[in-house]
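Trainee: In case you want the letters, here they are:
Protein chains: 2
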Amino acid sequence: MSEGAFFKPLEGIRVIDFTHVYQGPTCTLILADFGADVIKVERPGTGDWSRSFGPYLHGESLPFISLNRNKRSIVVSLHEKEGKEITYKLVEKSDVVVNNFRPGTMERLGLGYEDLKKINPKIIYAESSGYGRTGPYAERNKPGHDKLGQAIGGLFEFKPGDLPRSVGRSTDLTSGMLLTIGILLALFEGEHTGMGQHVETNLLNAAVFMHLWQSAAILNPKDATKQLDQSFLEEVFQTTFRTADGYIALVPLFRVDLLKKLSYALGIKDLSEDPRFSTVEKMVENKDDLNETLQKVFLRKTTDEWIKILEAHNILCAPINTPEEAFRDPQVIHNGMIVEVTCPMVGKTRILGIPIKLSKTPGSIRRPPPLLGQHTDEILKELGYTVEQIADLRRRGIIR
Amino acid sequence: MSEGAFFKPLEGIRVIDFTHVYQGPTCTLILADFGADVIKVERPGTGDWSRSFGPYLHGESLPFISLNRNKRSIVVSLHEKEGKEITYKLVEKSDVVVNNFRPGTMERLGLGYEDLKKINPKIIYAESSGYGRTGPYAERNKPGHDKLGQAIGGLFEFKPGDLPRSVGRSTDLTSGMLLTIGILLALFEGEHTGMGQHVETNLLNAAVFMHLWQSAAILNPKDATKQLDQSFLEEVFQTTFRTADGYIALVPLFRVDLLKKLSYALGIKDLSEDPRFSTVEKMVENKDDLNETLQKVFLRKTTDEWIKILEAHNILCAPINTPEEAFRDPQVIHNGMIVEVTCPMVGKTRILGIPIKLSKTPGSIRRPPPLLGQHTDEILKELGYTVEQIADLRRRGIIR
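Protein sequences, first through last, are from chains W and L.
Heads up: the first sequence runs through residues 11 to 410, numbered per the working numbering.
Heads up: the second sequence runs through residues 11 to 410, numbered per the working numbering.
There is no bait here: all hints are sound.
In silico lysine-lysine, DSS-like type, Cα no more than 30 Å apart, as pairs:
#1 L:Lys-370 to W:Lys-132
#2 W:Lys-94 to L:Lys-370
#3 L:Lys-132 to W:Lys-367
#4 W:Lys-169 to L:Lys-318
#5 W:Lys-128 to L:Lys-370
#6 W:Lys-370 to L:Lys-99
#7 W:Lys-370 to L:Lys-127
#8 L:Lys-128 to L:Lys-91
#9 W:Lys-292 to W:Lys-270
#10 W:Lys-367 to L:Lys-94
#11 L:Lys-128 to W:Lys-370
#12 L:Lys-169 to W:Lys-297
#13 W:Lys-232 to L:Lys-358
#14 L:Lys-127 to W:Lys-367
#15 W:Lys-127 to L:Lys-367
#16 W:Lys-318 to L:Lys-169
Here chain W is said to cover these stretches of chain L; the calculated rule only asks that three of the stretch's residues, wherever they fall, bring their Cβ under 8 Å from a Cβ of chain W:
#17 194 to 200
#18 359 to 373
In case anyone wonders, no lab produced these hints; they're calculated from the structure.
All values derive from a computational prediction rather than experimental measurement.
For each residue, glycine too, the CB sits at the ideal point set by N, CA and C.
Kindly produce the complete structure, drawing on both the sequences and the hints.
Mentor: Okay, here's the thing in structure tokens:
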């Protein structure tokens, strides 16, 4: 479980984590995996809202378990003067503050960037909202949500005769990664100047960033020539075929020589010599015939059999896994993408591994996701509070 | 176009960029946007393969334009002894090397990590492949591709009665961001130790990382109770409705009080008092009736009209934009997500802005995407080559 013999790249970096649900916790998950001391400041009662999201295991939230390993939890009421004092003391001794509240929320709590940089001018203050801190949506105080970021950001799928659909491209995950990049840039820069700064992204920026490859084609006129280019051909050629026992994915056929190669691998007569398929233009024109012909052939063997045959001919192909099958794939297991931890309430639990591999200072999973307020006492003691003071704060409902 | 008055967080960091197409160039785009001197080493003739990918503008690749601003291009034959010498000299004076070739390719060129760290022990050597450098797929030397990463990684959509479909969740983009995070972690760590390391990710790790929220639910048993949780309800409740002039997206109704609130905002009788919808269980049971009832109401006004009304009632909603509409959204424009550059061959071109905002050391777009070999002479002169040597290397086809 632990690769603790290695130095961690963010060892010694403390992150005060006011984030909840998905985009913010994704960011602090990555920072925690690489050694930062992430202190999750949670509100009394509910804590991080995602603690109540299903599906559940022994009544505990599986999404919360997915997103919060390697973090510590302190429960403090931010509405009480003494609760705020605790957070100010934490900020004094920290390097990074992260939140993903709606713009204005942290300011109302006295925890805005202007407030906190007075306490600690070196602080890196990172926040991710739905749409940005200024501009039309911010002025309307519009609440952010992954699905709304996708909708406004042009990530829904439009199909003729059907309602547009969200197809599971998470802007939360992307903005969480972008925020992580911003924080690491600020940490690196801070090594040279000793000063912090404000770092920001949002779901909408993440959504449009997800159009990166297509962006210049969306934003500019295109040559009016018939676009026999990859993006067009990807629409035309079927890339998924049914096999004797399941499905297979192919990278689409862009060229006549690839059809020749595929025919040879499939052990059928050379389709590229068929007058219907002898040029890419004709392949496009007779695509239904081509797809049908290929579909018939693929039904003759199992997915595994075809993968072996096509790989031997260096044809790009893959089995199509469900998420459950993906996590049983031997390469996914080999890559260390599944890790077992022992959660205090749930026992042995399997969680996602770390996708980025550093040779000298690898990430590691050192702690299971915390119970609500599991580290309140420990953290307050680190800040110099006595056992009596802690008991008093708890009695008065300021901490839990 | 330029925010050049600011210090850039990666100013002074040189990146030797052997990447092509999408995942690697995404990583070096982010590094370049934040001030790194990214030198794209391209092969004679074709250069980065994506230069030939459509759609095109004046014959130039729009995807290439999307992905390569802020970078310089040198064309060197890596198969010639003197070409290799040039790259070794570049590596000596650099901080980071990035590639996304199939595992083994860089080693065959004498450019593997073991080769280059002999030349520069401080080098950060980052690579992203299809599936990882070891393990079953690496042993089979299986070529990587975004679609194959999605297929094996469980990102295809399965719908009853239809073939599984790729739904555009790019593993290239995600692995490019993960690789960037790895490089920034290594740069930060290197500030303390003065030493480089090997950084790795791949499309398959990125694909399974995209299941982050769902991961623990996929990997563990779930409570057998009826799962009236968010992920289940998201499947049940229609979140897209047709309006008088288009579509609207809603965040799904999880609770009876939300249905009451929505009814009030829509100006209809309180549906939560209808016996068919009076509990979440009944709403699930009669979901078709509920969705139909709501659909009829939404047809009465335009999307803009509904957005105004629902926002006034603090109900989470959004217009559903096509990608083209997304880039016309006033908030997207306000956020600086569209930037105009002047490309040497194409003229004025609009490209994607920078999604991460740093207050003190913001990213900036300082250069248009390079022509193939545009900076060959400039870079060789920086390495100390004379005009005569450069002319000689060019005559002999080692550089272009």
